[in-house]
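Enquirer: Residue-level listing of the chains:
Number of protein chains: 2
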Amino acid sequence: MLKRFSDPDRLSRRRFLTATAATAATAGGVIAAPATADTLADVPPRGPGDDLGAYSPRSPYVQIARIPEAAPGQRNVDPSAAINSKSPLDKFVGTITPTDLHYERSHSGVPNLDPSKHRVLVHGMVKQPLVLTLEDLRAMPSISRIAFLECTGNGWENWKSAPDTVTVQNTHGLVSTHEWTGVPLSFLIDLVGVDRASTWMLAEGDDGAAVARSIPLTDEIIAEGILAYGQNGEPLRPAHGFPVRLFLPGFEGNLNIKWLRRLKFGDQPFMTRWETARYTQLRPDGKARQFQLKQDVNSVITAPSGMMRIKPGSNRITGLAWSGHGRITRVEVSADGGATWAVAALTGPVLPKAQARFQHDWVWDGRPTKIVSRSTDEQGNVQPDRASFIAQVGTNALFHYSAQQTWGIDEAGHVRNVLA
Amino acid sequence: MLKRFSDPDRLSRRRFLTATAATAATAGGVIAAPATADTLADVPPRGPGDDLGAYSPRSPYVQIARIPEAAPGQRNVDPSAAINSKSPLDKFVGTITPTDLHYERSHSGVPNLDPSKHRVLVHGMVKQPLVLTLEDLRAMPSISRIAFLECTGNGWENWKSAPDTVTVQNTHGLVSTHEWTGVPLSFLIDLVGVDRASTWMLAEGDDGAAVARSIPLTDEIIAEGILAYGQNGEPLRPAHGFPVRLFLPGFEGNLNIKWLRRLKFGDQPFMTRWETARYTQLRPDGKARQFQLKQDVNSVITAPSGMMRIKPGSNRITGLAWSGHGRITRVEVSADGGATWAVAALTGPVLPKAQARFQHDWVWDGRPTKIVSRSTDEQGNVQPDRASFIAQVGTNALFHYSAQQTWGIDEAGHVRNVLA
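From first to last, the protein sequence lines are chains A and B.
In terms of our numbering, the first sequence opens at residue 1 and continues consecutively.
In terms of our numbering, the second sequence opens at residue 1 and continues consecutively.
Be careful, since some hints might not be right.
Per label pair, the in silico range of CB-to-CB distance [as the list claims (entries may be wrong)]:
| # | chain 1 | residue 1 | chain 2 | residue 2 | range |
| --- | --- | --- | --- | --- | --- |
| 1 | B | D50 | A | A37 | 53 to 63 Å |
| 2 | B | L40 | A | D267 | 20 to 30 Å |
| 3 | A | S388 | B | D42 | 49 to 59 Å |
| 4 | B | Q290 | A | K294 | 55 to 65 Å |
| 5 | A | D219 | B | T39 | 23 to 33 Å |
Computed list of lysine-lysine pairs in DSSO-like fashion (alpha-carbon distance at most 30 Å, straight line) [unchecked claim]:
| # | chain 1 | residue 1 | chain 2 | residue 2 |
| --- | --- | --- | --- | --- |
| 6 | B | K117 | A | K311 |
| 7 | A | K91 | B | K117 |
| 8 | B | K160 | B | K370 |
| 9 | B | K160 | B | K91 |
| 10 | B | K160 | B | K287 |
| 11 | B | K294 | B | K91 |
| 12 | A | K370 | A | K160 |
| 13 | A | K287 | A | K160 |
| 14 | A | K370 | A | K311 |
| 15 | B | K311 | A | K127 |
| 16 | B | K311 | A | K117 |
| 17 | B | K311 | B | K370 |
| 18 | B | K160 | B | K294 |
| 19 | B | K91 | B | K311 |
| 20 | B | K91 | A | K117 |
| 21 | A | K311 | B | K127 |
| 22 | A | K91 | A | K294 |
| 23 | A | K294 | A | K160 |
FYI, nobody ran anything at the bench for these hints, they're computed from the structure.
From the three backbone atoms N, C-alpha and C, an ideal C-beta is built for every residue, glycine too.
Using the sequences and the hints given, assemble the complete structure.
Expert: Written out as structure tokens, the structure reads:
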């Protein structure tokens with residue numbers, strides 16, 4: 001006899017079997033009905049289907065679009081400002097972000113660049129300055145890596161104050177995970193013969209705002225940096241940097257320069273206005289911190305989340321966790337506002353600097369409560385609660401908010417954003 | 001001093017630096033030009049970009065569509081026949097297949113199913129037969145896994161004979177890799193209380209052809225099977241089984257029943273016509289083999305590949321390798337028709353039962369030759385050459401062709417399919 005059937009209790013069979021025999025009210029989301037016959041009644045008849053095509057479109061029954069912050073027709077090309085189009089985390093499953101739903105972030109719209117005319121200038125403290133075409137880059141050795149990308153402004157809504165009507169797309173929709181493919185930065189460094197005294201690299205974009213950042217040449221960045229031309233198996237999309245962008249796993253989004261047109265090597269930061277003004281962190285003492293570049297350990301419950309409604313009984317809590325410091329090792333979930341915690345299951349691929357999916361089965365007794373998640377990474381970093389985060393960092397700054405996200409649930413099952 | 005710069009020779013810096021100083025002719029694909037100034041000349045001017053949107057479209061400069069076998073307007077709804085739309089492997093990078101370019105395969109077109117009306121009947125040798133809604137399935141514990149799916153007919157063009165003008169999309173375009181998300185089959189088995197004497201499971205689709213297959217309840221299938229409702233982070237697309245399909249990592253595509261409407265448990269195979277007639281393997285002795293279900297170790301060079309043209313000098317050979325028996329451990333590449341072999345680099349995530357990307361830098365001397373790849377999996381299976389494969393299996397059968405793929409290169413650099 002094969003020992004091939006697993007333990008029913010571990011898989012909470014009892015709860016689901018109870019649910020199947022019970023009413024929707026006590027069964028929460030689970031309303032499976034006992035079968036009364038060997039055939040299905042009341043299902044649509046079968047018939048010939050649609051033609052196969054050059055692409056596989058989505059089902060007309062699937063509504064999954066992002067919500068751009070700039071309404072159609074409205075433009076925002078002020079380089080000092082920005083427009084976002086956030087990922088609908090509440091509609092995703094697994095860990096990979098659908099390619100056309102990766103969050104978009106731009107200071108001057110989306111350039112439509114001709115790859116045959118695009119060039120990347122590599123110069124500064126190098127033996128052999130080069131002008132690279134996309135063809136050059138694609139002929140070089142390449143690597144692929146599944147990793148998250150996160151805007152450093154992700155989550156700031158809840159730092160100071162936020163309405164209770166925001167969704168998880170509003171609060172955390174500026175993080176996504178893709179497979180990125182391109183040329184290792186270390187290869188390019190060797191190719192042009194970067195001077196060993198060089199400690200910084202300027203990366204400049206070909207967008208109208210000419211976003212440019214100074215990047216420290218740390219071991220981590222040299223070992224993991226990629227000049228990326230591919231995402232999820234295909235060429236970059238224009239909103240994500242076509243034909244080539246910089247990808248630095250774990251580092252704030254704006255360093256991952258899109259539409260890359262120049263890399264200059266030097267021995268000190270280049271002090272662009274993006275790092276002297278915009279992307280600095282105002283501290284409680286009024287002084288500004290520069291070059292805070294790493295995205296910290298983070299997590300959020302994506303369901304149930306803002307503006308959803310749940311029923312009493314069996315409910316599944318699920319969400320995403322990520323850290324710029326490496327692999328997620330543990331996610332805990334509290335269903336009583338942080339008084340007690342349970343370890344959630346990690347249900348998918350758990351890769352370094354990639355989003356991990358967590359899940360925890362929970363029976364809601366119908367009384368008002370708060371749910372919250374807390375993640376830990378392989379370096380032992382633990383996601384702080386909001387009060388501890390503010391006590392340490394204050395509320396003057398705009399970026400790198402990574403405190404725990406709390407969702408309140410009222411007696412009617414309405415889920416709302418809570419600043420706690 | 002940081003020891004942070006890697007060994008130039010390991011990254012073949014010398015070859016590329018030579019290339020940058022040389023002509024395109026001697027540099028092959030690498031034509032990087034030395035920079036003569038600190039600014040870029042002859043590049044288009046910067047300007048405001050397009051609006052951000054609800055989706056991120058592809059660049060108009062990217063042509064990546066599949067080639068459906070049935071031309072627009074032509075229909076093929078004969079259940080005994082089939083239509084394909086193959087993945088353009090030559091246009092991909094990395095290991096993940098773009099969601100809308102996963103290969104399509106159907107016996108009666110693509111059903112457009114309403115998820116609110118769809119049901120899955122689970123019955124047979126079970127304690128508690130159930131009728132499941134999609135809401136039920138989404139409320140159950142879920143797992144996510146990155147794995148390949150392959151049509152058992154993939155590659156058959158080259159088994160008997162094939163024109164020298166086919167591309168890698170024609171020869172190997174019926175395999176793709178996605179992240180699949182859904183309910184573990186083991187959970188459902190426990191939920192309905194499958195009789196421990198049950199050894200087979202019938203899976204039936206809701207398509208017009210009513211494709212149905214008997215699946216043996218092996219430890220591997222129970223441990224790894226998924227009732228999948230998600231692919232690459234989003235709901236399944238109609239062509240891939242929306243709203244729910246069976247996913248059995250490593251097993252031939254037609255077992256992974258799309259548009260799943262029924263699972264019936266029994267103690268013997270159900271002998272549908274799909275397994276008594278269509279998906280059987282005619283042996284050299286004229287007898288037919290049933291239930292050959294596992295996809296064997298395989299690989300193909302995707303570039304340079306059929307109908308491409310290369311230049312003498314530095315060229316990069318890249319391709320994909322996969323095995324239904326587990327993880328790819330080694331890919332070798334020969335540039336002299338199999339006389340000598342070099343170990344290729346595996347450049348991306350290498351996951352069990354997922355496609356792995358390999359890469360090998362090669363300098364072509366301009367003389368006619370043949371290039372071929374050979375993969376090995378963690379169980380020690382080695383991909384056979386075509387002659388050995390045919391000597392063992394003959395040429396009567398149609399499915400599970402997994403022999404090495406050879407591409408010929410003539411003195412002009414034209415790459416052509418070769419039956420060798």
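Enquirer: Check the hint pairing B:K160 with B:K91 against an upper bound of 30 Å on the C-alpha distance.
Expert: Holds: B:K160 and B:K91 sit about 26 Å apart, inside 30 Å.
Enquirer: Per the hint of 23 to 33 Å, is the separation of the Cβ atoms of A:D219 and B:T39 within bounds?
Expert: At 31 Å between Cβs, range holds.
Enquirer: Please work out if A:K311 and B:K127 have their alpha carbons no farther apart than 30 Å.
Expert: Since the Cα atoms of A:K311 and B:K127 sit roughly 28 Å apart, the hinted pair holds (cutoff 30 Å).
Enquirer: Is B:K311 within 30 Å of B:K370, Cα to Cα?
Expert: holds, 15 Å
Enquirer: Is the straight-line distance between the alpha-carbon of B:K294 and that of B:K91 30 Å or less?
Expert: Satisfied, since the Cα-Cα distance of roughly 27 Å is no more than 30 Å.
Enquirer: Take the C-alpha atoms of B:K160 and B:K294, compute the straight-line distance between them, and say whether it is at most 30 Å.
Expert: holds, 21 Å
Enquirer: Sort out whether A:K117 lies within 30 Å of B:K311, counting only the CA atoms.
Expert: Holds - the C-alpha atoms of A:K117 and B:K311 are around 21 Å apart, at most 30 Å.
Enquirer: Quickly compare the C-alpha distance for B:K91 and B:K311 to 30 Å and report which way the hint goes.
Expert: The hint holds at about 19 Å.
Enquirer: Check the hint pairing A:K287 with A:K160 against an upper bound of 30 Å on the C-alpha distance.
Expert: holds, 19 Å
Enquirer: Does the alpha-carbon distance linking B:K160 and B:K370 stay inside the 30 Å limit?
Expert: Distance ~19 Å between B:K160 and B:K370 Cα, so the pair holds.
Enquirer: Run the distance test for B:K117 versus A:K311: straight-line Cα separation, threshold 30 Å.
Expert: holds, 21 Å
Enquirer: Has the hinted range 53 to 63 Å been met by the Cβ atoms of B:D50 and A:A37?
Expert: holds, 55 Å
Violated hints for the displayed structure: none, as all numbered hints are satisfied.
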